[in-house]
Amino acid sequence: MSIEAEEAPEVREPGFFFKLVGGISRWGAYLGGVTLIVITAIVTYDVFARFLGHPTDWATEVAGYMVIGVAVLGAGETLRHNEHFAMHLVVDVLQPRVRRRVGLVVWGLVTALVAGLCWGLLALVDNSLQYGLRSSTIVGAPLAVPQLVLLLGFVALLLALVARLVALVHRIRKEPR
Amino acid sequence: MIALGVLLFFFALVVAGTPIFGAMGIAALTGVWLLDESTTPLLNIGLTVYQSLGNFLLIAVPLYIYAGTLMEVAGLNEKLFRFARVWVGAVPGGLGVATVVACAIFAAICGSSVATAVTIGLVAFPALVRGGYTPHFSGSLIAAGGTLGILIPPSIAMIIFGVLTEQSIAQLFIAGAVPGVLLATLMAIYAIFFSGVRSDPTPITWIERIQVTREAILVLLLPLGVLFSIYSGLATPTEVAALAVAYVLVIGIATRMLTWQHFWDATMKATRTSVMIFMMIAFGQALTEFFTLTGLPQMVVDMVSSSGLGYLAVVTLMVLIYILLGTFLEATSMMLVSVPIMFPLAKAIGMDPLAFGVFVVLAVEVAQIHPPFGINLYALSGIGKVHIGRMSISVIPYIVMMICMMFAISIFPQIVTWLPKTMR
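Quick mapping for you: the protein sequence lines, in order, are chains A and B.
Throughout the first sequence, residue numbering follows our numbering, covering 1 to 177 in sequence.
Throughout the second sequence, residue numbering follows our numbering, covering 1 to 424 in sequence.
Hints in this document: simulated from the structure, not taken from any laboratory.
Don't take each hint at face value.
Listing some non-contacts, in silico: residues in chain B with all C-beta distances to chain A over 12 Å [claimed, not checked]:
#, residue
1, MET24
2, ILE26
3, ILE59
4, LEU220
5, ALA244
Here are the computed distance ranges between Cβ atoms for each label pair [to be verified]:
#, chain 1, residue 1, chain 2, residue 2, range
6, B, GLY5, A, ARG99, 25 to 35 Å
7, B, GLY5, A, ALA115, 22 to 32 Å
8, A, SER136, B, PHE194, 29 to 39 Å
9, B, GLY132, A, PRO176, 46 to 56 Å
10, B, LEU34, A, GLY53, 54 to 64 Å
11, A, PHE17, B, SER306, 55 to 65 Å
On a predicted model such as this, the values are computed, not experimentally measured, just so you know.
Glycine residues also receive a C-beta, built at the ideal position from the N, C-alpha and C atoms.
Build out the structure end to end from the sequences listed, making use of the hints.
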């Protein structure tokens, strides 16, 4: 384990698919970053509005929904920076051949998890749209919107995970026999 | 039995190098599937992830990360360290004491342990080594001082604890203040007596002191404002976090220490760090729900209750469990996995929830400076190119201090509870 993350295997892979995934991940993180700036602005505005005697009834709720964007839109890019926390102490002592295969299994499992989650979130969004679900607050926000943002973030992560799996398979194929 | 099997499976996944969020999610989903109590496990995990990330209390987490990252990229850490140096550098081990003081002040702005260690470490480490301190002493001092970041308010660890246990985050923040100051004092005393270095050799005049203080005053006002606003109830922890970001931006721009590139870099870095923490929170919640389904927390409480162990014995057991967990898990995941199981136990033995909150945060601090997951050690190893093994030995006295503090607040919870009780 190191504070300086290693470069992810998919980052230097050539080809349209990897470029596309890289672009989606990067733009996801940009959107997440802009969302963070907007949240700061909303909460700060709310404090000043309250001090001036005009408290808002929407700021906390809207900022709360926007946090979902910060939490997931950059998930793919965080993966490409290898910044999702993991323990590599044991794996690092394995032979490179074995390590790549363990990596393939591990990332395969994570990809399956995220694919399953995307399916679950799709059902959630569908359910919210079908019944027109809204928050039981003054804002009455349609729940499908933050749920859709969550789904988009995890789809970006899923694509980044598939790119990692493909990159790992490429590396295993290139191993000398 | 299924719960224990899933817990072991989770650890196996972690050891195999699975990202912690993935290990939590896979273990939770496997557990739910084995229990066979849900017909829609994927929809349920989706709902859990949505609900946990939609918790309004979590708004403060990325904002405190953002404030700390902006401070770091704007180089405001140098002003803080120089301020601490001119005021306490004259005592024996003065640079070491100045490092602890700078860490404590930065901790009152930023809620992250590793951010505190890195930000202060970047300026303090070279100064300490130049001042005659050994690299491993310097590294371990900064790594330990960095942990004050999650004890002295504000604290991201306290926010997560508050969300998990439904405790007031403002009260939790204030509860960490006295133990934080006590721990910082212990660290400073240790630096005075055991650094083996006399006072800072650079002579400091009163004019210099006043000049450095004047330069640092804008940065120093921030921790005071943060603590006062939370303590007085003038603003919520989330509002204080947003104001801290805005304040750092304003003084960064006013002092021309923050460029557009710095700002954007900090935004991206804070976003990725937030993603990393939020993913663990979301999937940690899924694992917690699985454990609740199996009744594991209640089983642990019943087991300990029927064992006839006294208060101190249970506290000792909890300390040992946390040290063991810290050997296998990274700090945030350690909290997410343990608190839902340990909090009912702490309540069952009559431990004050605020005291338990500080107890857990101290356990997290220990985990952050002891191998193999002591992330602060790795951070300092990266900054100073210090051998991790030597630092792991130098850090032992700080670990002992933190464990003693865990016992102290368990036996005398007033250390933690008296200040929150005086809040409005």
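(request) List, from low to high, the hint numbers that the structure doesn't satisfy. (result) Violated hints (numbers, rising): 1, 2, 3, 5 and 8; every other hint is consistent with the structure.
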